[in-house]
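Novice: If you want the building blocks of each chain, they are given just below.
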Amino acid sequence: MEEKKRRVRADVLLIAALLLLSGAFLLIRQLRRTGGNMAVVYVNGTRTAAYPLSEDITVTLISPEGGTNVLVIENGAADVRDASCPDKICVRMHAIRYAGETITCLPNRTMIQIEGREKAEVDLG
Amino acid sequence: MKKTRRLTVMAMLTAAAMILSYVESLLPSPGIPGIKLGLANIAVIFALYRLGWKEAAAVSLVRVGMVSVLFGSVGALFYSVAGAVLSLAVMTLLRRLDVFSAVGVSVAGGVAHNLGQILMAMALLETERLIWYLPVLVLSGLGGGILVGLCGALLVKRIPPV
Chain A
1 MEEKKRRVRA DVLLIAALLL LSGAFLLIRQ LRRTGGNMAV VYVNGTRTAA YPLSEDITVT
61 LISPEGGTNV LVIENGAADV RDASCPDKIC VRMHAIRYAG ETITCLPNRT MIQIEGREKA
121 EVDLG
Chain B
1 MKKTRRLTVM AMLTAAAMIL SYVESLLPSP GIPGIKLGLA NIAVIFALYR LGWKEAAAVS
61 LVRVGMVSVL FGSVGALFYS VAGAVLSLAV MTLLRRLDVF SAVGVSVAGG VAHNLGQILM
121 AMALLETERL IWYLPVLVLS GLGGGILVGL CGALLVKRIP PV
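Chains A and B, in that order, give the protein sequences.
Going left to right, the first sequence walks through residues 1 to 125 as the working numbering numbers them.
Going left to right, the second sequence walks through residues 1 to 162 as the working numbering numbers them.
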């Protein structure tokens, strides 16, 4: 019985530690977030395009394998509205507007990230 | 005879794990990749406690492979295998150290599964940014990890040894 008690106490400690650590990380991130002004597209880790959040625009991103993600910028936020991938996880993810926020489409190896403190530019690579 | 029996139990556990994966895929998803209960881990925990780490590894990896072939995409297989391998390693180690009950082992295994998937995604997409998903996944996964651990412990207690 003593053994069991010791294990349960260790369990509770582990769970509490995980809760505290994750909570603290998220809180710090929330407090430090700043507005972004660019939606930058990365495919396979390479920056391929950037769009200013100030302009409403709809673009279809095409991955090297031919997969597509429809990126919509509206009211200063970027959102993926449609995609060719089977899971549509990127479509269900929330619109992003703060620096560092990302929408990721793993099947198309595509990531859209909000970046700040940068001049507006459109470089389609 | 003993060997056949073990093999049969492993096959049954793999089948149970696959069914649990399927049942879980029917539940509504919150829209963030990687957030799930991890019900299939009940079978892996049972295998780990009742049979041993090699048997648990077989159940887990065969489950991941079969589920990926049957209901998933091959692309997702990379992430699942990375998660499953890291999770198995952590759970085996903790089981051996005997610090936690099955609940702690399951929770740690869940976190390791998330970490493995994120590390694989970071490697494939070549971006460190994704590590920020970890706290989100850990917070959302704690409940599932506790539930899976409790179920696993209950089964180990209630089902007579083979």
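Honestly, I wouldn't trust all of these hints.
Simulated restraints on C-beta separations [claimed, not checked]:
#, chain 1, residue 1, chain 2, residue 2, range
1, B, Lys157, A, Arg47, 52 to 62 Å
2, B, Arg158, A, Arg33, 32 to 42 Å
3, B, Lys157, A, Thr58, 55 to 65 Å
4, B, Leu77, A, Thr58, 27 to 37 Å
5, A, Thr58, B, Gly143, 33 to 43 Å
6, B, Arg6, A, His94, 39 to 49 Å
7, B, Ile19, A, Leu31, 35 to 45 Å
8, A, Leu13, B, Ala15, 29 to 39 Å
9, B, Gly143, A, His94, 18 to 28 Å
10, B, Lys157, A, Glu115, 50 to 60 Å
11, B, Ile19, A, Ile57, 38 to 48 Å
If the Cβ cut is set under 7 Å, some of the chain B residues that face chain A in the computed set are [to be verified]:
#, residue
12, Ser25
13, Val99
14, Val107
15, Ala123
Just so you know, the hints here were simulated from the structure itself, not pulled from any lab data.
C-beta atoms are modelled at their ideal positions from N, C-alpha and C, and glycine is treated no differently.
Novice: A separate judgement is required for each hint: does it hold in the structure or not?
Specialist: Quick rundown of the hints versus the structure:
Between lysine 157/B and arginine 47/A the beta carbons are some 54 Å apart, a value that agrees with the proposed interval 52 to 62 Å. The beta-carbon spacing between arginine 158/B and arginine 33/A, approximately 48 Å, falls outside the hinted interval of 32 to 42 Å. At about 57 Å, the CB distance of lysine 157/B to threonine 58/A agrees with the hint of 55 to 65 Å. Roughly 33 Å separates the CB atoms of leucine 77/B and threonine 58/A, a value that falls within the hinted 27 to 37 Å.
The hinted window of 33 to 43 Å between threonine 58/A and glycine 143/B holds, with their beta carbons roughly 38 Å apart. Separated by about 47 Å at the C-beta atoms, arginine 6/B and histidine 94/A satisfy the suggested range of 39 to 49 Å. Between isoleucine 19/B and leucine 31/A the C-beta distance comes to about 44 Å, which sits within the given range of 35 to 45 Å. With their beta carbons about 35 Å apart, leucine 13/A and alanine 15/B fall inside the hinted range of 29 to 39 Å.
The given range of 18 to 28 Å is respected by glycine 143/B and histidine 94/A, whose C-beta atoms sit roughly 21 Å from each other. Lysine 157/B and glutamate 115/A have their C-beta atoms about 53 Å apart, which keeps the hinted 50 to 60 Å range intact. Checking the proposed 38 to 48 Å range against isoleucine 19/B and isoleucine 57/A shows it holds: the Cβ atoms sit about 46 Å from each other. For the restraint placing serine 25/B at the interface with chain A, the shortest Cβ-Cβ distance is roughly 11 Å, beyond the 7 Å limit, so the hint is violated.
Because the closest C-beta pair between valine 99/B and chain A is about 5 Å apart, less than 7 Å, the hint holds. The beta carbon of valine 107/B comes within 6 Å of a beta carbon in chain A, closer than 7 Å, and the hint placing it at the interface holds. Using the Cβ-Cβ criterion of 7 Å, the hint placing alanine 123/B at the interface with chain A is not satisfied: the shortest such distance is roughly 10 Å.
Hints 2, 12, 15 from the earlier list are contradicted by this structure; the remaining hints agree with it.
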